[in-house]
Structures are given as C-alpha cells and as structure tokens.
Amino acid sequence: MLKPNFFTENGLERLSEKRGDNNWKNDLLISENAVFLPFWRTKSLIQDSASANCEISLLSYEEISQFNRKDDEFIFLGFRNDTPYFLTDLSDIEDPSQYSSLSGNRSLKDLREVGLSLSREEGGILAYSRALAQWHKTHKFCGRCGGKTESQSAGHVRRCSNCGAEHFPRTDPAVIMLVSYGEKVCLARKSDWPKDRFSVLAGFVEPGETPEGAVIREVKEEVGLAVTNVRYHSAQPWPFPANLMLGYFAEAVSDEISIDDIEIEEAKWVTREDLEPEALAYFENPTSVSIARRLIADWVTKKF
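Heads up, the sequence shown is in the numbering used here, so the first residue is 943 and it goes up one at a time.
Be aware that one or more of the hints could be misleading.
[As the list claims (entries may be wrong)] With beta-carbon atoms standing in for the labels, derived distance ranges:
#, residue 1, residue 2, range
1, S1196, Y1041, 57 to 67 Å
2, L1186, G962, 18 to 28 Å
3, I972, K1162, 53 to 63 Å
4, Y1041, N1171, 51 to 61 Å
5, I972, P1219, 49 to 59 Å
6, N964, D1138, 44 to 54 Å
7, E1005, N1171, 52 to 62 Å
8, D1114, I972, 29 to 39 Å
9, K1132, T1213, 14 to 24 Å
Calculated from the structure, these hints are not laboratory results.
In this text, a Cβ means the ideal position worked out from N, Cα and C, and glycines have one as well.
Throw the hints in and build the complete structure from the sequences for me.
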C-alpha cells in the first residue's frame, strides 16, 4: 500500500453538514478549547524551535480577539482531537510583529519553507488552510455579476450580495507524470528554472478532458513524445495556489525528444542508475514535499 503524499493528511473531521449553522459556529468560536491559525500573505505562524522539526503555533480566542475580526471572517477547518480549528486571515495588517500574539518565539513562515519540518498532519492542516485563505482573497467579487460576495457556511461558501449566486472553493486539477522509456525517464527544465533543476512533466487538465487524456496531450506538447500505458499513481493537494496534482506513470513509444521552446527550455533522458542514490535517500529523509520526487523515487526503486 502506498504511503500518502505530503499535504494529504490533516487529521481534521470537517463536519461539512454543520457549517451552515451560524449559531453552532459562533458557539465554537468562543469555546474554551477553540484554536486559531493566523494566516498572513501566504505565511502561517510557526513555533520557533532549536531542532530541525517545528510545529504550528495556535492562538486562543483571547489572543486572536485583538485583531477585531468579524465572526464571518473566521473559517472553520474542522475538529482535531475534539478541538475546533479556525483559520483567520490577517493579510490586511502591514506589520504583524507589532502584535504580541504574533511575536516572541514565533514567526511567520511560508509552507514551502517548513513543509518538511512539520508533522504530516500539521503540514496537511497548513496546506488546507492556505488553499482556503487564497480562495477567499481572489473571490471577493461575483464572477456572474461583479457584486461583492460574503463568506457563509463557516467560510466554505461565498454568496453574492447582489444576485445571490453561490461560489465554492476552487480546486484546479493538474496532471504530473513520469515518462519512461525502458530504463530511463524524461526530465525537463522550464526557462525560468535554475540551469541544474530538472523535474517530471506537468500540466493542467482542460475542460472536457480526462486526466489520462491530459497526460497524453501535455507530454506531446512539451517534449514531442507519444505515450502509452498511462496509469494512475496517487494524488496530492498542492495549495500554490489551489491545485490537485494527479500523478501518473506513462511509457514513451520512442526516445526522440522535441521540446516546445515555450514552456520547456531543455529536456533529457536520465537513467535509473543516475537517479538511484537520490531516490533511496528520499525514503530515509525526504528532500521535497512534492509528488514529483515521490514519482521518481517510486519508479527508481520499483515500488509501484
């Protein structure tokens, strides 16, 4: 059985059937054991530690009250160990360090910085909260009529105050695929990447397209390879800003690469032997939270 990818576990019971009850949510807000995750411009509050590991810093209702948030600005994430978790976006604050609850032995850090240092559940919580916070930021106005939207259902719906249209959190499906040809795989580099950075291919699923169809199309577009035997590996929420990465393996029918010169600047074949040392190290000490590294490691070690 495959071990879950990073960001897929958060230990939260979401209780979606309760979100529409404002009285229930507001009672939870002021309950003694409620905890709050502050979010500031892509960053979350982290408890500083001298060790390599770190953890989320949670605030009490008293600590979060100094920011004067309205009740509808608190987003209910779910229950974890009988504790209700809420998300609070503080991005409108220019200098968070002036507030005592955000200073001391705590600091605001991006999930990309600390993902590997968090427990899998806490990393999943921050991925979930980041995706929701980013969605609220970009959906303050209705896509149907342009009217202002208001947060409802404990932060999981935005309703237009003009036409009444309801908008739900956005997740964009994307495929990420490891393409092999015999004992080698195709890795590519985008033009804005460092010269020594290569990874597997990826792209968005288009309307009216299956994920498998997207794999075939994207590989052909980016590196000119026709592929067959497309098979699903696993999925990963990727909140940068709001993607669901669907991982696949595929086999090329030839090794004649032809890059598109638009998204891809360079592509090459890499052998299993070239990748083996890094792949084996990945399982002992993961060097990336991305499913891309997982696909490579599983292919090299023949775990899938």
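These are the hints, each one checked on the structure:
{"no.": "1", "hint": "S1196 x Y1041: 57 to 67 Å", "verdict": "holds, 60 Å"}
{"no.": "2", "hint": "L1186 x G962: 18 to 28 Å", "verdict": "holds, 25 Å"}
{"no.": "3", "hint": "I972 x K1162: 53 to 63 Å", "verdict": "holds, 56 Å"}
{"no.": "4", "hint": "Y1041 x N1171: 51 to 61 Å", "verdict": "holds, 55 Å"}
{"no.": "5", "hint": "I972 x P1219: 49 to 59 Å", "verdict": "holds, 54 Å"}
{"no.": "6", "hint": "N964 x D1138: 44 to 54 Å", "verdict": "holds, 53 Å"}
{"no.": "7", "hint": "E1005 x N1171: 52 to 62 Å", "verdict": "holds, 54 Å"}
{"no.": "8", "hint": "D1114 x I972: 29 to 39 Å", "verdict": "holds, 36 Å"}
{"no.": "9", "hint": "K1132 x T1213: 14 to 24 Å", "verdict": "holds, 22 Å"}
Against the hints set out earlier in the document, no violation occurs for any number.
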